[in-house]
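S.K.: Could you slot chain B onto chain A? The hints should help.
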Amino acid sequence: MVFSSLTFLFLYLPLTLLVYFLSPLRWRNFILLAVSLLFYGWGEPVYIVIMFLSIAIDYTHGLLVEKYRDNDRKARWFVAQSVIFNLLLLGFFKYGTFFAENLYALTGLQIPQHIQVLGLTIPLWGVPLPIGISFYTFQTMSYTIDVYRKDAPVQRSVVDFGTFVTMFPQLIAGPIVQYKTVAAELVRRVHSSENFAVGARRFCVGLAKKVLLANSIGALWDECLAAQGAGTLTVLGGWLGLIAYGFQIYFDFSGYSDMAIGLGRIFGFYFDENFAHPYCADSVGSFWRRWHMSLTSWFRDYLYIPLGGNRGGTAKTIRNLIIVWFCTGFWHGASWNFVLWGLYFAAWLILERYVLRNVLEKTPAAVKHLYTLIVVFVGWGLFAIVDLRQCGDYLAACFGAAPLWSAADLFRLASYAVTLTALVIAATPLGQRLWARLPAKADRVATPILMAASLVVCTAYLVDGSYNPFLYFRF
Amino acid sequence: MSKRYARAITAIFCLFLGGLMVWQLLLPDRERSDVENRTLQQRPVLTLSGVLDGSFMEDVESYVQDQFPLRDQWTGLKARAEQLIGKRLFNNIYLCEDETLISKVDPPADGLEETNLGYIAQLAGKTDVPVYLGLIPSAAEVWRDKLPYGAESWDQNAYLAQAAETGLPLIDFAGALTAHASEPIFYRTDHHWTSLGAFYGANALLDSLGREPLKAEDFTPETASEDFNGTLYSQSGIHSLTPDTMEYWVEEDGLTVTSWRSGSPEPAQLYDRSYLTEKDKYSSFLGGNQPLCVIRNENARDGGKLLLIRDSYSDALAPFLAQSFAEVHLLDLRYYRLPAAQYAAENGIDAICAVYSVPNFITDRNLVFLAQ
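Residue numbers (numbering that gives the first Met the number 0), protein chains in the order written: chain A, 0 to 474; chain B, 0 to 371.
Among these hints, one or two may not hold up.
[Stated by the list, open to error] Computed beta-carbon distance windows for the label pairs:
# : chain 1 : residue 1 : chain 2 : residue 2 : range
1 : B       : Leu25     : A       : Trp26     : 23 to 33 Å
2 : B       : Asn156    : A       : Val358    : 49 to 59 Å
3 : A       : Ile448    : B       : Arg79     : 15 to 25 Å
[Claimed, not checked] Listed below are several chain A residues computed to face chain B (Cβ distance under 7 Å; list not exhaustive):
# : residue
4 : Leu12
5 : Ser192
6 : Pro447
7 : Val462
Derived from the structure by calculation, the hints contain no laboratory data. By construction, the Cβ of each residue, glycine as well, lies at the ideal position given by its N, Cα and C atoms.
Just chain A, same shape as in the assembly (with noise of 0.2 Å):
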């Protein structure tokens, strides 16, 4: 189930607040963690069992690195086993078939895709990806970490554990949830009608930024993406193109960040903030400093600086960066160009630091806010485009392999002029300045009023998008 569903917004979330909020307050932690078993189980029930699996391990190996706080040896070697369980689980479902096609490519070993155990048929590649592992797996492993290096108090209730790896406002898409930032909110949190209505609030910005802006701006990628396939790609319909896919991920991802937080707010969580207006960042370590913060965080404790950081020297540091955006970009998605594409940014990191640093500080801001966005624009066309070929061409087009422009490319710009103007002002801060400076009553009044309006235009959007009419078209 995804948030910007009619059954989830007017089934499930209404279903949901109702059954929490009429329940005492000692079992709501039971209920979130059943009405988030429902949710993930929603669309591929057996999945449910993985999610048991990947609590009780965690569950476990959190106690036993408590229990051996004593023995260092031991302790670690807990922590070990839970890392490498949760990596296990993520390599095993995210990264198989990867693997197998790779293996079988460069060496010519097939592994086969099912083996038989006792008349069992087990599957090992091939098998369709569970939705959030990449999210959940890398909360869960931070869990032992942090209890072992004593950041986070072990948890020894099963049910308060499970809520936590389960919850459902972040469940399949973030953020990150480190278990310290809740650890005392999942025992005594307040349930306020102010936290309610913040959250709610927040929950109508994100639903609009996902179905309003992300939504619409997609369809001018997919178009653009289409012209490549018919050969009518230009250099203006290219940019347009990367900067449609541009807009449309960032408005996607932190309009759903923004639900979460939202959901989580009503239910008394504070989540940490994921963006921070990327596209208005000076640099690309800027950029990375501003987008999808809790996995950039998470990469930093749980990865750079336990590789020393850049405390090493340069070829260390660099080392690690390639080691870190590596890994970043692989788990973005299983295949090259996600590699390519952490590896691209790894490079610009590396230039900054050690190259364009000094030229960057005489740089006037406008220029460097222009070679950022290039930077992260030409970026998401390694993204977006997972063959690697066809995404050298659709690159090769924008930067002059193709006509200038055409006809179309003016249609285009006409439709999405208005989208465009919004999405543009929408990604940067004015927005909220401006309410920041509307007079008090002015914000009482607007508020409900945008609320409502949000919540009305975006269900004519979703109702409209199961709109499938079969009509007497073919003949």
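M.R.: Just chain B now, with coordinates in the frame of chain A:
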């Protein structure tokens, strides 16, 4: 934020989501949607096997979507919002000048346009009856200058030139329609041609077969409906246009229509007026899709038997052709699976015309049966 204010905000949010949920649960389920021309999902029954294989969840999602309160109004609201922000393309339909909706034609997939021409040529090789190919360009080509500036649509004229290279005798529908492009030859809210368009089409066909054209002054058009909202109306979600007017030109007297809807012949009507009270008004021509239909006219001007390999454009066309031919047979390859060549031989057919609109022809996967 004061407590009262926070409660008010909370109430708005909960009332909207919960209110629509309750409304939907209380609303009696609709069986079908006339606007979309399909049956709607009914309330699913909870079963263990349905949950385990996920079909229950899928049904719930379709149920919530299909039975959503005020469904058509929500769609209209979206179309209005899109219009407001400058969109001209709505679910692959262009909103054009003169309150006209025109369906965008996408490039064909899998080389189907090439393959289908081949099947017609194969039919011509299997029978002694002359085979004509009649491809009707859609409004997106004939009315291309009505499209918004820069709007793309696949080049149907180039395709007609390609069709000419097959060497098959062609019916020049494109020429006839283009010559009358300033007249209402297509509906504004439906993808079909109007009776006027079909009249010009019939003359193009008769011309190709070396027959005298029909004269417009011999007909007295009857207004069948002034409230026709067609397929493009439904598909685009734009519901604010003036409805189309639908006309019947050919008089029913003297024509006998036989339909094979259920495998055996039964008497039918040239115009099934029961459709005029429904959404799908175009189906009143010959009563819509069927495997086989024959129109007989004892007083036909020229006589002879014509076989049309049809799509729905032929339903408006055939009544005109029955003025000239004693028998017009309409055969639909989607439902009629015996070889067309054999049918022509058994029924003493004098000419076979494969008449298709270009968008249908380049996407149809049933022409393979002609090669049998």
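S.K.: Does each hint hold? Answer for all of them.
M.R.: Hint by hint, here is what the structure shows:
1. Leu25/B <-> Trp26/A: 23 to 33 Å: holds (29 Å)
2. Asn156/B <-> Val358/A: 49 to 59 Å: For Val358/A against Asn156/B, whose Cβ atoms are near 55 Å apart, the range 49 to 59 Å holds.
3. Ile448/A <-> Arg79/B: 15 to 25 Å: For Arg79/B against Ile448/A, whose Cβ atoms are near 19 Å apart, the range 15 to 25 Å holds.
4. Leu12: Hint holds; Leu12/A Cβ to chain B Cβ min 6 Å, cut 7 Å.
5. Ser192: Given a least distance of 4 Å, the restraint on Ser192/A holds.
6. Pro447: Since chain B brings a Cβ to about 5 Å from Pro447/A, closer than 7 Å, the hint holds.
7. Val462: holds (4 Å)
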